[in-house]
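S.K.: These are the residues of each chain, in order.
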Amino acid sequence: MTNGATVDRDLDQLSDEAVEVRHYRDTGQLAVKTVEDTYLSGGGFDAEAMIALIREEVRASQGDEFTGLRLTGDLSWANSAIAGIDGLFDYERAIDEIYQETGAMAVCSYDTRRVDAEMVTGAVQAHRSVVSRRRQEVLDTPLLTLLVITRDADGGLSLYGEVDDSNVGEFEAALLTAVDSRAEQVVDLTHLQFIDLSGLRALERQAERLAAAGQRLVLASPPAFVTRVMSMLDLDQRLEVVG
Amino acid sequence: MTGFTHSALVYESDNEFVDTVAPFAGDGVTAGDHVVVVTTPANASAVREELGDLAGAVDFFDSAEWYSGSPWQTLRRYLQWLDGLPPEGGRRVLGEQAWIGRSDYEATEWLRYESFANVTFDSPRNSVICSWDARRMPESLIDGLYATHPEVIASELPERSVQCASPNAFAAELDRRPLAPPAGPVAETTFTDLRDVRRALQREAQQRGIDGDRAGEFALALNEVATNALKHGLSEAKLTIWGDGRELVCEVADAGPGVDDPLVGHTPPAGRGKAGWGLWTARLLSDWVELRSNERGTVVRLRLALN
Chain A
1 MTNGATVDRD
11 LDQLSDEAVE
21 VRHYRDTGQL
31 AVKTVEDTYL
41 SGGGFDAEAM
51 IALIREEVRA
61 SQGDEFTGLR
71 LTGDLSWANS
81 AIAGIDGLFD
91 YERAIDEIYQ
101 ETGAMAVCSY
111 DTRRVDAEMV
121 TGAVQAHRSV
131 VSRRRQEVLD
141 TPLLTLLVIT
151 RDADGGLSLY
161 GEVDDSNVGE
171 FEAALLTAVD
181 SRAEQVVDLT
191 HLQFIDLSGL
201 RALERQAERL
211 AAAGQRLVLA
221 SPPAFVTRVM
231 SMLDLDQRLE
241 VVG
Chain B
1 MTGFTHSALV
11 YESDNEFVDT
21 VAPFAGDGVT
31 AGDHVVVVTT
41 PANASAVREE
51 LGDLAGAVDF
61 FDSAEWYSGS
71 PWQTLRRYLQ
81 WLDGLPPEGG
91 RRVLGEQAWI
101 GRSDYEATEW
111 LRYESFANVT
121 FDSPRNSVIC
131 SWDARRMPES
141 LIDGLYATHP
151 EVIASELPER
161 SVQCASPNAF
171 AAELDRRPLA
181 PPAGPVAETT
191 FTDLRDVRRA
201 LQREAQQRGI
211 DGDRAGEFAL
221 ALNEVATNAL
231 KHGLSEAKLT
241 IWGDGRELVC
251 EVADAGPGVD
261 DPLVGHTPPA
271 GRGKAGWGLW
281 TARLLSDWVE
291 LRSNERGTVV
301 RLRLALN
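Here the protein sequences come in this chain order: A and B. If you're matching positions, the first sequence starts at 1 in the working numbering and goes up one per residue. If you're matching positions, the second sequence starts at 1 in the working numbering and goes up one per residue.
Keep in mind that the hints were calculated from the coordinates and are not lab data. Fair warning: there could be bad hints in the mix.
Below, simulated DMTMM-like cross-link-like pairs (lysine to aspartate or glutamate); rule was C-alpha separation at most 25 Å, straight line [unchecked claim]:
1. B:K231 / A:E101
2. B:K274 / A:D90
3. B:K231 / A:D165
4. B:K274 / A:E240
5. B:K274 / A:E101
6. B:K274 / A:E65
7. B:K274 / B:D244
8. B:K238 / A:E101
9. B:K238 / B:E295
10. B:K231 / B:E156
11. B:K238 / B:E188
12. A:K33 / A:D90
13. B:K274 / A:D165
14. B:K231 / A:E240
15. B:K238 / A:D236
16. B:K274 / B:D122
17. B:K274 / B:D175
18. B:K231 / A:E97
19. A:K33 / A:E137
20. B:K274 / A:D234
21. B:K238 / A:D165
22. A:K33 / A:D96
23. B:K231 / A:E204
24. B:K238 / A:E97
If you anchor each label on the Cβ, the simulated ranges turn out as follows [to be verified]:
25. B:F4 / A:A213: 39 to 49 Å
26. A:D234 / B:A57: 24 to 34 Å
27. A:A213 / B:D122: 38 to 48 Å
28. A:D234 / B:P86: 12 to 22 Å
29. B:E295 / A:R22: 48 to 58 Å
30. B:F4 / A:D234: 18 to 28 Å
31. B:F4 / A:R22: 52 to 62 Å
A virtual CB, placed ideally from N, CA and C, is assigned to each residue, including glycine.
With these hints in hand, go ahead and build the complete structure from the sequences.
M.R.: So this is what it looks like as structure tokens:
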């Protein structure tokens, strides 16, 4: 669900990264919809209608043809002038439950140059995992969020908080979103308070995806308990660690 | 290769040990098998002497270290040894546990390990002998020995009152032994959120001055068990914590349908997505795990020893 004005550019950009986007669009595996046709289809924001739309997408993904649903929506339109905007974070929390129940993965993007500070705070609080450059601002928000991923000035990622069974789907989706095309993607674990086995498996899968694309995932400064469990489960043979 | 064997050697003297183990190891080396002998330093040097030049091809480990910690840590050592071998040749294992000084719950899990060895080591390439020093072996273990080893080698067999049982039947029998009641006052909470479980443990660990890294590992063990309880239970479960100067104990109880495979989590699962990783991880990361399960629910008790 993206900005109508940039749909074509966004698709071109995806195609650049070796994915035959238009082919998958033809087969129905990829659906691209505009903000105007989804979030704002009634002129303003209608939480009930959007929840119904998401339910329908989840249902459609549960047939025999597909293995699941990955969804991304651009919410940079969100501002206090939009009718029905008060229902936005109720909607975010409602679909969070749907995703938890069905195992769907979703990433909501908020352009911090365009949405106001109140929106950013609400967005941080309504999600189980957050990816942002605005490290301090996000970390200072009274968090309901379990996990924050920040992108540092040098392009590396830092994890803050906790990963467990309740947010591992979001964690994996956030990792997918946060990595870019650099050859070596460093993920700093210094500030990670907790990660469970499923979270380490998500890192392992991310390392494999990057390896398939000729890139490397490097974990920096894991806490001692992470190092120990990685060695106990031989994950240290499949995940590269420094520091 | 003669097919999988798992025998117990009950010996009354040092000579009797060497007379069985040296040919077992020496014939293995001659046949191109890989041989590991895990025993006391005294037994090892007697076997080395008897083997002469062949001893260089045998891996020796001190049983006091090899069997330190829990059965799952020991199993991991054996699996690592097996994994490190070239594909060709049979594998011969001689292992000797020191049964002395173990508590009842420890003896129970070690016996379970011996019984499950019939499954975990089952391969036509493997021959396993467990040696038992009759001079030091507690008499109470004789039934356990017979119940867990298909074959017993001894110059004079101890009196036999039980037959070797299938691992699942034997596990069911061990599960009838109740968990010991908590030794002191307990803190009990019902949880639906894994964070609450980790916070509760963190508070206890801090109060008891437990090192942060150890508490972190134990938190992961407890978290995996609590995750299982929420997933397979009824979306809420009970956490009970108690302890004394020697250990911290955490117990997770759910009212789910129970664990159907008694072997689950006693070995590394066969694939990444397979069931049992949480329990296997918990068994490796805590000092001890006990589990009781039936159709009305599952209780898992984890111990962290305080040094």
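S.K.: Each hint should be assessed against the structure and marked as holding or not.
M.R.: Results for each hint:
1. For a cut-off of 25 Å, the pair hint linking K231 (chain B) to E101 (chain A) stands: about 12 Å separates their Cα positions.
2. Between K274 (chain B) and D90 (chain A) the alpha-carbon distance is near 36 Å, which puts this suggested pair outside the 25 Å criterion.
3. A threshold of 25 Å between alpha carbons decides the hint, and for K231 (chain B) with D165 (chain A) the separation of about 9 Å falls inside it, so the pair holds.
4. This hinted pair checks out: K274 (chain B) and E240 (chain A) have alpha carbons roughly 24 Å apart, not beyond 25 Å.
5. Among the hinted pairs, K274 (chain B) with E101 (chain A) is consistent with the structure: their alpha-carbon atoms are about 21 Å apart, no more than 25 Å.
6. Pair hint K274 (chain B) plus E65 (chain A) holds up; C-alpha atoms about 24 Å apart against a cutoff of 25 Å.
7. For the hint linking K274 (chain B) to D244 (chain B), the alpha-carbon distance of about 36 Å lies beyond 25 Å, and the restraint is violated.
8. The suggested pairing of K238 (chain B) with E101 (chain A) holds, with an alpha-carbon distance near 22 Å, which does not exceed 25 Å.
9. For the suggested pair K238 (chain B) and E295 (chain B), the alpha carbons sit about 17 Å apart, so the restraint of at most 25 Å is met.
10. A threshold of 25 Å between alpha carbons decides the hint, and for K231 (chain B) with E156 (chain B) the separation of about 51 Å lies outside it, so the pair is violated.
11. A threshold of 25 Å between alpha carbons decides the hint, and for K238 (chain B) with E188 (chain B) the separation of about 7 Å falls inside it, so the pair holds.
12. At most 25 Å may separate the alpha-carbon atoms for a hinted pair to count; K33 (chain A) and D90 (chain A) meet this at roughly 22 Å.
13. Using a Cα cut-off of 25 Å, the hinted pair K274 (chain B) and D165 (chain A) holds, with the two alpha carbons roughly 16 Å apart.
14. Between K231 (chain B) and E240 (chain A), the direct Cα distance comes to roughly 31 Å. Violation of the 25 Å bound is thereby established for this hinted pair.
15. Restraint check for K238 (chain B) and D236 (chain A): not satisfied, since their Cα atoms lie roughly 33 Å apart, outside the 25 Å limit.
16. Only pairs whose Cα atoms come within 25 Å are accepted, and K274 (chain B) paired with D122 (chain B) is accepted, the gap being roughly 20 Å.
17. Distance restraint check for K274 (chain B) and D175 (chain B): the Cα-Cα separation of roughly 24 Å lies within the 25 Å cut-off, and the hinted pair is therefore satisfied.
18. Taking the CA atoms of K231 (chain B) and E97 (chain A), the gap is about 16 Å. The hint holds against a cut of 25 Å.
19. A threshold of 25 Å between alpha carbons decides the hint, and for K33 (chain A) with E137 (chain A) the separation of about 31 Å lies outside it, so the pair is violated.
20. The straight-line distance between the Cα atoms of K274 (chain B) and D234 (chain A) is roughly 16 Å, inside the 25 Å bound, and the hint therefore holds.
21. Annotation: proposed proximity of K238 (chain B) to D165 (chain A) holds, straight-line Cα distance about 18 Å (limit 25 Å).
22. Annotation: proposed proximity of K33 (chain A) to D96 (chain A) holds, straight-line Cα distance about 20 Å (limit 25 Å).
23. As the CA atoms of K231 (chain B) and E204 (chain A) are separated by approximately 22 Å, the hinted pair is consistent with the 25 Å bound.
24. A threshold of 25 Å between alpha carbons decides the hint, and for K238 (chain B) with E97 (chain A) the separation of about 23 Å falls inside it, so the pair holds.
25. Taking 39 to 49 Å as the suggested C-beta distance range, the pair F4 (chain B) and A213 (chain A) conforms, at roughly 44 Å.
26. Here the CB-CB span from D234 (chain A) to A57 (chain B) is close to 27 Å, well matched to the stated 24 to 34 Å.
27. Checked against the given bound of 38 to 48 Å, the beta carbons of A213 (chain A) and D122 (chain B), roughly 41 Å apart, stay inside it.
28. In this structure, D234 (chain A) and P86 (chain B) meet the distance hint of 12 to 22 Å, their C-beta atoms being roughly 19 Å apart.
29. Taking 48 to 58 Å as the suggested C-beta distance range, the pair E295 (chain B) and R22 (chain A) conforms, at roughly 53 Å.
30. At roughly 25 Å, the beta carbons of F4 (chain B) and D234 (chain A) sit within the given window of 18 to 28 Å.
31. At about 57 Å, the CB distance of F4 (chain B) to R22 (chain A) agrees with the hint of 52 to 62 Å.
Hints 2, 7, 10, 14, 15 and 19, counting from the list given before, are not met by this structure.
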